[in-house]
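All chains, please: the whole structure from these sequences, using the hints.
Protein chains: 2
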Amino acid sequence: MPQLGLLPRRAWAALLSQLLRPPCASCTRAVRCHSQGEEPLQVAEAVLTSQLKAHQEKPNFIIRTPKGTRDLSPQQMVVREKILDLVVSCFKRHGAKGMDTPAFELKEMLTEKYGEDSGLMYDLKDQGGELLSLRYDLTVPFARYLAMNKVKKMKRYHVGKVWRRESPTIVQGRYREFCQCDFDIAGQFDPMIPDAECLKIMCEILNGLQLGDFLIKVNDRRIVDGMFAVCGVPESKFRTICSSIDKLDKMAWKDVRHEMVAKKGLAPEVADRIGDYVRCHGGESLVKQMFQDPRLSQNKQALEGLGDLKLLFEYLTLFGIAKKISFDLSLARGLDYYTGVIYEAVLLHTPTQAGEEPLSVGSVAAGGRYDGLVGMFDPKGHKVPCVGLSIGVERIFNIVEQRMKTFGEKVRTTETQVLVATPHKNFLHERLKLIAELWDAGIKAEMLYKNNPKLLTQLHYCESTGIPLVVIVGEQELKEGVVKIRSVASREEVAIKRENLVAEIQKRLSES
Amino acid sequence: MPQLGLLPRRAWAALLSQLLRPPCASCTRAVRCHSQGEEPLQVAEAVLTSQLKAHQEKPNFIIRTPKGTRDLSPQQMVVREKILDLVVSCFKRHGAKGMDTPAFELKEMLTEKYGEDSGLMYDLKDQGGELLSLRYDLTVPFARYLAMNKVKKMKRYHVGKVWRRESPTIVQGRYREFCQCDFDIAGQFDPMIPDAECLKIMCEILNGLQLGDFLIKVNDRRIVDGMFAVCGVPESKFRTICSSIDKLDKMAWKDVRHEMVAKKGLAPEVADRIGDYVRCHGGESLVKQMFQDPRLSQNKQALEGLGDLKLLFEYLTLFGIAKKISFDLSLARGLDYYTGVIYEAVLLHTPTQAGEEPLSVGSVAAGGRYDGLVGMFDPKGHKVPCVGLSIGVERIFNIVEQRMKTFGEKVRTTETQVLVATPHKNFLHERLKLIAELWDAGIKAEMLYKNNPKLLTQLHYCESTGIPLVVIVGEQELKEGVVKIRSVASREEVAIKRENLVAEIQKRLSES
Numbered sequence: 474m475p476q477l478g479l480l481p482r483r484a485w486a487a488l489l490s491q492l493l494r495p496p497c498a499s500c501t502r503a504v505r506c507h508s509q510g511e512e513p514l515q516v517a518e519a520v521l522t523s524q525l526k527a528h529q530e531k532p533n534f535i536i537r538t539p540k541g542t543r544d545l546s547p548q549q550m551v552v553r554e555k556i557l558d559l560v561v562s563c564f565k566r567h568g569a570k571g572m573d574t575p576a577f578e579l580k581e582m583l584t585e586k587y588g589e590d591s592g593l594m595y596d597l598k599d600q601g602g603e604l605l606s607l608r609y610d611l612t613v614p615f616a617r618y619l620a621m622n623k624v625k626k627m628k629r630y631h632v633g634k635v636w637r638r639e640s641p642t643i644v645q646g647r648y649r650e651f652c653q654c655d656f657d658i659a660g661q662f663d664p665m666i667p668d669a670e671c672l673k674i675m676c677e678i679l680n681g682l683q684l685g686d687f688l689i690k691v692n693d694r695r696i697v698d699g700m701f702a703v704c705g706v707p708e709s710k711f712r713t714i715c716s717s718i719d720k721l722d723k724m725a726w727k728d729v730r731h732e733m734v735a736k737k738g739l740a741p742e743v744a745d746r747i748g749d750y751v752r753c754h755g756g757e758s759l760v761k762q763m764f765q766d767p768r769l770s771q772n773k774q775a776l777e778g779l780g781d782l783k784l785l786f787e788y789l790t791l792f793g794i795a796k797k798i799s800f801d802l803s804l805a806r807g808l809d810y811y812t813g814v815i816y817e818a819v820l821l822h823t824p825t826q827a828g829e830e831p832l833s834v835g836s837v838a839a840g841g842r843y844d845g846l847v848g849m850f851d852p853k854g855h856k857v858p859c860v861g862l863s864i865g866v867e868r869i870f871n872i873v874e875q876r877m878k879t880f881g882e883k884v885r886t887t888e889t890q891v892l893v894a895t896p897h898k899n900f901l902h903e904r905l906k907l908i909a910e911l912w913d914a915g916i917k918a919e920m921l922y923k924n925n926p927k928l929l930t931q932l933h934y935c936e937s938t939g940i941p942l943v944v945i946v947g948e949q950e951l952k953e954g955v956v957k958i959r960s961v962a963s964r965e966e967v968a969i970k971r972e973n974l975v976a977e978i979q980k981r982l983s984e985s
Numbered sequence: 474m475p476q477l478g479l480l481p482r483r484a485w486a487a488l489l490s491q492l493l494r495p496p497c498a499s500c501t502r503a504v505r506c507h508s509q510g511e512e513p514l515q516v517a518e519a520v521l522t523s524q525l526k527a528h529q530e531k532p533n534f535i536i537r538t539p540k541g542t543r544d545l546s547p548q549q550m551v552v553r554e555k556i557l558d559l560v561v562s563c564f565k566r567h568g569a570k571g572m573d574t575p576a577f578e579l580k581e582m583l584t585e586k587y588g589e590d591s592g593l594m595y596d597l598k599d600q601g602g603e604l605l606s607l608r609y610d611l612t613v614p615f616a617r618y619l620a621m622n623k624v625k626k627m628k629r630y631h632v633g634k635v636w637r638r639e640s641p642t643i644v645q646g647r648y649r650e651f652c653q654c655d656f657d658i659a660g661q662f663d664p665m666i667p668d669a670e671c672l673k674i675m676c677e678i679l680n681g682l683q684l685g686d687f688l689i690k691v692n693d694r695r696i697v698d699g700m701f702a703v704c705g706v707p708e709s710k711f712r713t714i715c716s717s718i719d720k721l722d723k724m725a726w727k728d729v730r731h732e733m734v735a736k737k738g739l740a741p742e743v744a745d746r747i748g749d750y751v752r753c754h755g756g757e758s759l760v761k762q763m764f765q766d767p768r769l770s771q772n773k774q775a776l777e778g779l780g781d782l783k784l785l786f787e788y789l790t791l792f793g794i795a796k797k798i799s800f801d802l803s804l805a806r807g808l809d810y811y812t813g814v815i816y817e818a819v820l821l822h823t824p825t826q827a828g829e830e831p832l833s834v835g836s837v838a839a840g841g842r843y844d845g846l847v848g849m850f851d852p853k854g855h856k857v858p859c860v861g862l863s864i865g866v867e868r869i870f871n872i873v874e875q876r877m878k879t880f881g882e883k884v885r886t887t888e889t890q891v892l893v894a895t896p897h898k899n900f901l902h903e904r905l906k907l908i909a910e911l912w913d914a915g916i917k918a919e920m921l922y923k924n925n926p927k928l929l930t931q932l933h934y935c936e937s938t939g940i941p942l943v944v945i946v947g948e949q950e951l952k953e954g955v956v957k958i959r960s961v962a963s964r965e966e967v968a969i970k971r972e973n974l975v976a977e978i979q980k981r982l983s984e985s
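Those protein sequences? They're chains A and B, same order as listed.
Using our numbering, the first residue of the first sequence is number 474, and each one after it goes up by one.
Using our numbering, the first residue of the second sequence is number 474, and each one after it goes up by one.
It is possible that part of the hints are untrue.
Any copy, or any two copies together, can satisfy a pair, since identical chains are not distinguished.
Below, simulated DSS-like cross-link-like pairs (lysine-lysine); rule was C-alpha separation at most 30 Å, straight line [what the hints assert, rightly or not]:
id	residue 1	residue 2
1	LYS580	LYS598
2	LYS623	LYS917
3	LYS797	LYS723
4	LYS634	LYS540
5	LYS773	LYS923
6	LYS853	LYS625
7	LYS565	LYS927
8	LYS883	LYS634
9	LYS906	LYS580
10	LYS783	LYS906
11	LYS625	LYS580
Keep in mind the hints are simulated off the structure, nothing from the lab.
A quick note: this is a predicted structure, and the numbers were derived from the prediction, not measured.
What follows is the structure in C-alpha cells.
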C-alpha cells in the first residue's frame, strides 16, 4: 500500500511518525471533547475580543474572521497540503481527471437538490443581476457540468471549498467553510464495478493517512425506502424520515424516534418497526439474512438493493477490503439525490475492554450512487448514472492537528535550502549578486533584508527556520575568489571556489 | 533559470514546446481579438442557449454558470495546474510560507480599502447573521491576518480565488471569479531589498512561463502624488485622479483626460500638465532626469520616491534584471492602499517593423508597497510595512490556452500507466484481483467497467487516453500463471510470471 503519494518522502515520514504513535488518553479526550462541543474558533474569538477590549482604543472594532470560518496558518497549511496530496494522488492512481467549477452557482441550479438541508445555503445579495448561491457541495455542480456539456461518461476528482450555514450550536465542531475532495464516476456501466472502486479508494486513503482503525458503513437507498414501506411509513414522508434516520450517528435512537413521532407525525408502532431494523449491522451474512426477512423480502425495491449489495460484497472481497465494510441498516445519508448504494467511513478507537463496542469519532468520508441528479438538469431528462465519494478533509485535518499539538511536534513551513550570509559590513551587494545566482539555478535561498546583519543573527535564523546550509561571503573570501559553505547541523565550514558554488550546493542537496 | 519547478519534466517540456513556437499571425490576432472584445463565455452561453431553445422542452431552464464565471475542463485544469506549480515553486524558492483565509470576510473588514473599486464587491445576503462580502483580493485578508494575530514579520504566498463584479462590457475579457497568486513580505526592513526581490520574482516567473518578451513598469505612489501636487491637483482629488490615470493601459490619453476634466472637474491646464508627465518612461536615466525636473524636484514626497527608485535600480542591476524594468510615470495602480513603489508587468509582442513601439497585450502581474494597510486593522494603528505582488493567472492561462488551441495541441488529462485488460469473457474477477494488486503497489491503473469488454475496445481506450502499458490476463495466461505486458506504442507483448508483475511494471515505468 503506497502511503507516500506525491510527497517528499522524508517530510511525510516525519508527519506519519507522529500519527503512528498510539493515541494517548489526553489525545483521545481532546478529540472527543472537540467533536462534542467546543468550537475552537469561538474560543479564539473570545480571547481576541478580550484582548482588544483591554486596549479600549476602538472597542467596537473586533478583527476576526466570519463565524464558522478560520484562517490556515503556515503550519496548518503544511499539514493540509500533505493530506490533500495524499488524497489527490490516490484519485489520480484511479485514473481521475481534475476539474473546477465556480464558487457560486445560479440559485435555481441548487434548489430542490438537498432536501431539508437547502436552508443552509449561503445566498449572495441581489446586487442587480442574477440570484446566486455559494456551492453547498461539489456533487451538484458536477452534475450541472455533465448536463451542460452533454458529457455521458467521466471519471473526475475535484478539490474545493464548499459553504454551509450550519448552526454551531446544533452541529458541533463543524465549520461553515470547508474543503471537500470528491471523486466521482459518471456513466452507464455494469453494476457495482464503479461502486466497488469508490469503496476501494476510501480504504486506500484512510489506510494511507494512518488515522487508526476505520469502518465503512454501507446501505442502499432502495433498502432504506423498502424498509420504510414495509414498516408502514407513508411514501410522502420517506425523505423527511430519512433525514431523521441520518441523525442516528449524532443522536440517540430515543431522540430520533421522538423527532419522527412528535415532530413528523409518524405512528409510534411504525417508528418501533424501523427501530428494529436500524439496530442491524453486519457483514455479507447480514445481506443474506435480509433476503430471508419476511417483510423486507416482499419489497421489490429492497430486493434490488440487496441484490446489488451482494454483488458489491463479491467485488470487495476480490479487492481484499470486505472486512472493512459493514452493512448497516441505520445508514440513511441526508441528501435527497442518492438513489442506490450509500456509504460512510468512520474512524474507530480501539476499545479499552474486550467486548466493548468500538467508539466512533465521526464520519470522515462518505458518498453513494445518484442516478437521477444529472437528469434533473437535462432539458429532456436524459439520465447519466453516477457514483462517488467525498473525503471530509476538515475532520481529518482536525484529528491530525490535534495529535500534533498533543505531541508538541513542529513542522517546517518553508523549504529554504541556503541562507546567503556575511560576517562583515557593506556586503549587501555581494549577497545580492550571490543569491540571484542561486535563485537562477533553482536553489531555494534566502537572505536577511538588512544592509548589515550580524553573523549570529543570520545563523540563528537558520536554526529557527531549519535552513540546512549557509553560504558565507566576507572580505577574505572576496579577495580569494571563494565562498564558504557552512553546514548548520555540524557547524563545519569549507571554502569553495566561487565558480563551483552552484554545483557544490546541488551536489550536497542531492546527497542529503 | 529553472523552468521546470516541481513539474514532471516531460509533461512540462511538451507544454513549453508549444509555447516556444513563435506566435503566428492567427494566434496574435486571436489574442488581440480576445483582449479587445469577445467574451468567450458569452459566446458559449449563446450557443448553449440556442441549443436548448431547439429542444423547447424546458425553454426557461438554461443550464449555465453565473455571468463572468466558468468551469475548468480537465484539459484546462492540466494547463492551470502547470502554471500554478511553476508560480508556487518560485515563491517557495524565495522562502515563502503558504497560508489561507476564508472566501468571505466581515464586510467592515473590506470597506475603505479599495477606493472607487469598492462597488465591485460581492456582498452576501443578510440571512440573519453577520454582513459578509466575498474577498476582492488576497492582500486585504493578509493584512487582516497580520493585525489579528499580531504578526510583525512574515513572507507568505497565497493562491486563491477572488471575486469582482466587473462589468464585462466595460472591462473586456475579464472574469468575475478569478485566481490570484500572491507573494508578500511584511516587516520593517532596510529600504528596497524586499521590493527588489518582488521584481526578481516576477521576472523569474515570466521567464519560466516563456510567454515571450515582457516589461515591468515601475513607479512610486509618492511620485504620483508629488506629480499631482506640482501639477495643481487639489489634494482631495488625488485618489480619484489616480484611478483615472490607472486606466491609461486600457484607454487613450484623450479619453482619460476627458474623464478627469468633464467628470471629475479637473482644470484643463492641470490635466495637460499631468499629460506631459505621464508620457515619460525610460530606465534608470529617467530617474536621474526627474531628480532635475524643475517642478517635481521641489516636492518632498516625489524626491523620497525618486530616491527609493534610484536604490531599487541599483539592486535590480545586481540581480541582473534592470533592463526588464521601465520607470513609467503613467503607472498609477487603482487600489487605494499603495504607499510606495508600484509595478506592473506587461507582455510585449515583437514589433513587426524596426522602430515600432512594442505592442502591449496587457498586465499579467502587478503589485507594490502598502505600509499603512495593516495599521488600518490594528486598534492602536501599529503599522507593519508590506510589499508584494500578484500574478494574474487568468490572463496567463488565456494566453497559453489560446496558443494551444491555435496549434491544435492536446494534453493528457490523466496519469494512468496501466490498463488491466482481458481478451476473454468471464474474466472480471481476475481483472479485479489484478488491478487491486497494482493500486496497492502505487501503480496508476484503470480497467473498463464492463463484465465482458472487447479487447479492441480496451486497446482503443489506451490509445485515446495515452495509457502506455496494458496488462492482459486470459485463459492461457491464467493456466500458465503468467500475465502479458503489452506496450501500446510498439504493440510488443511479453509474458511475465504473475508474481513478478508489479516489479516488472515498476522497472518499465522507471525506465521510460
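Contradicted hints - numbers only: Of the numbered hints given earlier, the structure breaks just one, which is hint 9.
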